[in-house]
Amino acid sequence: MAVSQETVEQVASVSEKYKYGFVSDIEAETAPIGLSEDIVRFISAKKEEPEWLLEWRLKAYRYWLSMEEPTWAKVDYPKIDYQDIYYYSAPKTKDKPKSLDEVDPELLAVYEKLGIPLKEQEVLAGVEGAANVAVDAVFDSVSVATTFRERLEKEGVIFCPISEAVKNHPELVKKYLGSVVPYTDNFFAALNSAVFTDGSFCYIPKGVRCPMELSTYFRINAAQTGQFERTLIIADDASYVSYLEGCTAPMRDENQLHAAVVELVILDDAEIKYSTVQNWYPGDENGVGGIYNFVTKRAACRGKNAKVSWTQVETGSAITWKYPSCILQGDNSIGEFYSIAITNNLQQADTGTKMIHLGKNTSSTIISKGISAGRAQSTYRGLVRMGRKADHARNHTVCDSLLIGDKCGAHTVPYIENQSRTAKIEHEATTSKVSEEQLFYCQQRGLSEEESMALIVNGFCKEVLQKLPMEFAVEAQKLVGISLEGSVG
Amino acid sequence: MLEIKDLRAEIGGKEILKGINLTINPGEIHAVMGPNGAGKSTLSYVLSGREGYEVTGGSVTYMGEDLLALSPDERACHGIFLAFQYPVEIPGVPSATFLKTALNAQRKFRGEEELDAMEFLKLVREKTAELGIKDDMLKRAVNVGFSGGEKKRNEVLQMALLEPKLMLLDETDSGLDIDALKVAADGVNRLRSPERSALVITHYQRLLDYIVPDFVHVLADGKIVKSGDKSLALELEEKGYAAISAA
Ligand SMILES: Nc1ncnc2c1ncn2[C@@H]1O[C@H](COP(=O)(O)OP(=O)(O)OP(=O)(O)O)[C@@H](O)[C@H]1O
Ligand SMILES: [Mg+2]
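Keeping their order, the protein sequence lines are chains A and B.
Counting from 1, one number per residue, gives the positions in the first sequence under full-length UniProt numbering.
Counting from 1, one number per residue, gives the positions in the second sequence under full-length UniProt numbering.
Rather than coming from a laboratory, the hints here were simulated on the basis of the structure.
Owing to the predicted nature of the structure, the values given are computational and were not obtained by experimental measurement.
You may find that some hints are simply not true.
To be verified - Lysine-lysine pairs mimicking BS3-like chemistry, simulated, CA-CA at most 27 Å apart:
| hint | chain 1 | residue 1 | chain 2 | residue 2 |
| --- | --- | --- | --- | --- |
| 1 | B | K230 | A | K462 |
| 2 | B | K5 | B | K151 |
| 3 | A | K478 | B | K134 |
| 4 | A | K478 | B | K139 |
| 5 | B | K108 | B | K139 |
| 6 | A | K478 | B | K122 |
| 7 | A | K433 | B | K182 |
| 8 | B | K151 | B | K18 |
| 9 | A | K462 | A | K389 |
| 10 | B | K134 | A | K462 |
| 11 | A | K462 | B | K5 |
| 12 | A | K433 | B | K139 |
| 13 | A | K462 | B | K151 |
| 14 | A | K462 | B | K18 |
| 15 | B | K122 | B | K151 |
| 16 | A | K174 | A | K74 |
| 17 | A | K424 | A | K478 |
| 18 | A | K407 | A | K360 |
| 19 | B | K230 | A | K467 |
| 20 | A | K175 | A | K273 |
| 21 | A | K433 | A | K389 |
Unchecked claim - Stretches of chain B that chain A covers, calculated by requiring three or more beta carbons in the stretch to come under 8 Å of a beta carbon on chain A:
| hint | region |
| --- | --- |
| 22 | 45–52 |
| 23 | 59–73 |
| 24 | 166–180 |
All C-beta atoms, glycine included, are put in the ideal place defined by N, C-alpha and C.
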């Protein structure tokens, strides 16, 4: 019987509840609740921003006022009261820390709890010769620790909080901010432009291969604080960078809004690889709590032979509304989108991509793996547009859905617009179920029901998992198991 | 080792096993033969704990424990291995990963150190070499696109690696060419020991030339209608089930 006890513990450890459900005590300095021109001015003043940026924010705010929240996505949630949200909160540090020693130990403890990989903890702690990963930690909207900057600086790579870039590299920010995602783009992009508090900025100069993978950990901490990140990455001619974005959030009863904007600019012969593992709090079994994740991510391949790949593993959030897109403007440019979206319990995800082919010989690949369990709803929504001048452009789309149980749903909504006579567009879609037979086969070999499910689902996602950088792939595989907790039996 | 008493089971409300009695002692090999639809696979599923197979009466004791109270994975970890009549495909999961995950799950259960990738590879190479199975199968997704014979060989390889105490083989010989048949038989014979037992379900006495059973049972319409030694298999081959069951 001791053996059975051990099994119980094994199962318990696999099916651990959301392990990031803690609230840190770091005192926030918070703006008054609600949104108005004054709040926009408050944020801009807090960040000591130049006039042009304040003006831009105000324009965005006024534009936002004229817009309606979109309703076309297949997600359902109570109306968000935008006056019931705090738009600014910063960890209480008077001056910016000069080194990690000056960083609030509470904050470092948060990283610890988050299970930031040891390698990156070392980096955060400034251990000499530590891994080749630079972490720009975004904590409650303000970057408090940026490491490895020196090594990057030697190569001319700029990697810093965007608020700092505004001060130190205004010409770059002014040139590119809003150039891929203008504030007029959509409701959430307009909101973000008005009130974004921080995010990462990255510039890779001509001909430079970034010597390490750049990594940012996003966290949402203060209760009822909307998170409005703004990320801008520019890869100059013939440069390369791999960027990792990881997210976790503490447990909450209140639904929290997250409306980030990510802009990527890729010039001639350059490449950006952008990987995301998103495991924000999805809400409990009854759909209480959880993050609303409305993100606008877009890459512009401006130069010839430019390449971008988006790889995402989305397991968290109560609601995900996210379409990382590629504008393939330069001739021969390449866009890739590899996605795993897992929804369980009452989660809803409406995600996909847009491939806008403008240049000649542009090509794009879309591989989307959607997994639905519990009563979750998952939608793939993808647009492939071939412009008039996109001679010989090519797209290949594979869209697979996997259902666990019979109360969940998976939907595929492909939009195709073709104005090019020579373009080729291929679309494949499948829907399958995890069969009782497969589960039994695994269990008969000694795997628990949860482990069996994790193995089968990881198999289903394999093509996408393989696209992730190594450290991320391992984390993502574990996440697949954790996020399907409670989906069997 | 295994004691089945008056076991009754149904699927979807239909009674399939109608009172099975069978005792398997350590080291013994029992062959079960019988017409299509008699309930042979059902028996193997009930013993391994498949969902949907409802036990309505009787008991099964395995190494002193109430087997029916254990979950399928617990049974597997306690050394019960079922070589499937129809092995299942798991797309995207390389056979090697599947095997390693299974082996480590069982090792963990027994409180043994898990094998790392190198140790596992060494072990699996030994087994494939012993059995004369090509190891390119290991890179391919579990059973996906395998020929019928390859699937069965894969079952035998899994069994060799997991070293079960009680082997349940459900028509592992069906669809095998003569060489593969020898591989399968070899897999069982290599594991044969005074502690290990096997229940071998087959339609063909030919297999029993290679895996020599201690007992042969005839299962018909959910019951064991006749038991004997290996000569019973020859008799069956000669006269057919009808004559034997009627006798
Ligand atoms: N899921 C099911 N629902 C209803 N009846 C079933 C189900 N599975 C099996 N049966 C029935 O149970 C009976 C026994 O099936 P079983 O597979 O155990 O036979 P078997 O002896 O293994 O036959 P074979 O020699 O053809 O493999 C058959 O009549 C079969 O149709
Ligand atoms: Mg059968």
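So, against the hints stated earlier in the document, which numbers end up violated here? 1, 2, 3, 7, 8, 9, 11, 14, 16, 17, 18, 19, 21 and 24
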